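Take the given structure of chain A and dock chain B to it, following the hints.
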Amino acid sequence: MSTNEKMFLGSMFYPLYAIASQISPEPHSSGIQIIEAENFKLHCLQTLTGVKFILITDPKFVGVDIVLRRVYEIYSDYVLKNPFYALEMPIRCDLFLENLKLLLEEVEKFGISYK
Amino acid sequence: MTIYNLYMFDKTGSLVYYGEWVRKKPATMSKEEEGKLVYGMIFSLRSFLLKISPTDIQDNSFCYRTSKYKLNYYESPTGLKLVMNTDLNSSPKDLLKSIYAQIYVEYVAKNPLSLPGEYINSELFAQKLNQLVSMSPIYSQRNL
Chain A
1 MSTNEKMFLG SMFYPLYAIA SQISPEPHSS GIQIIEAENF KLHCLQTLTG
51 VKFILITDPK FVGVDIVLRR VYEIYSDYVL KNPFYALEMP IRCDLFLENL
101 KLLLEEVEKF GISYK
Chain B
1 MTIYNLYMFD KTGSLVYYGE WVRKKPATMS KEEEGKLVYG MIFSLRSFLL
51 KISPTDIQDN SFCYRTSKYK LNYYESPTGL KLVMNTDLNS SPKDLLKSIY
101 AQIYVEYVAK NPLSLPGEYI NSELFAQKLN QLVSMSPIYS QRNL
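For the protein sequence lines, the chains are A and B, in the order given. Okay, so the first sequence: first residue is 1 according to my numbering, each after it adds one. Okay, so the second sequence: first residue is 1 according to my numbering, each after it adds one.
Certain hints may be false.
[Unchecked claim] A partial selection of chain A residues facing chain B, derived with a Cβ cut-off under 8 Å:
# : residue
1 : Pro25
2 : Pro27
3 : Ile35
4 : Glu38
Please keep in mind that the hints were generated in silico from the structure rather than gathered at the bench. Since we're looking at a predicted model, the values are computed, not measured. Virtual Cβ for every residue (Gly too), placed ideally from N, Cα, C.
Isolated chain A (complex conformation) (with noise of 0.2 Å):
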């Protein structure tokens, strides 16, 4: 999958999770968190400032929150506090990716662990 069809299908996601909250039959609803299909899940966290992280896994994992959420610290240590990286663009900070890529590798091994 290119760039550009990666952000095409990110930017398809971003109505889809405001109308699932606009067609609640109960009040405050949030917007989509999983989508379960039969080969696959989606999980979407969005924080306080509307940034959304989609994680994609097998229907069988548990714990995911807990990945999202560590990939959300990643996020605000290594690319938000980065004064060379303007909002709104693609991410190409170094040890955002190499520290994300550790955590999905130590998510792979040992399963989540509490921190």
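For chain B alone, coordinates are given in the frame of chain A:
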């Protein structure tokens, strides 16, 4: 365990039936507009899932959860789309399949007077649907 509402769309996207059991938040738009919004959303969501899926999707159903409700989608082999909003703990996939097989097929598809694309005004259909839904284990005291 609660069932909130049910939308049924035919393969062209027109709203064929809307059933409501519990609705805390009143609709902010007319039934037709809301039907179009829901249809647009599930259509886009379906193509989004097809593109993003790591392997081919065989199953024609999916569901999503928000903090307050769960939306369940089932598409029949003939293109009829059923969208049901329930509470967070329910799994109404079998109920949706039986709504299609036992209620829609029996009382609409086999009805010589019902035209495709038309809204289902049949009282018998509504009655049988309500019967099936209230017998389901997902339907709770809260619905009454």
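Hint check:
1. Pro25: It holds, given that the least Cβ distance between proline 25(A) and chain B is near 4 Å, below 8 Å.
2. Pro27: holds (4 Å)
3. Ile35: With a minimum Cβ separation of about 4 Å from chain B (threshold 8 Å), the hint on isoleucine 35(A) holds.
4. Glu38: With a minimum Cβ separation of about 4 Å from chain B (threshold 8 Å), the hint on glutamate 38(A) holds.
Comparing the model with each numbered hint stated earlier shows that all of them hold.
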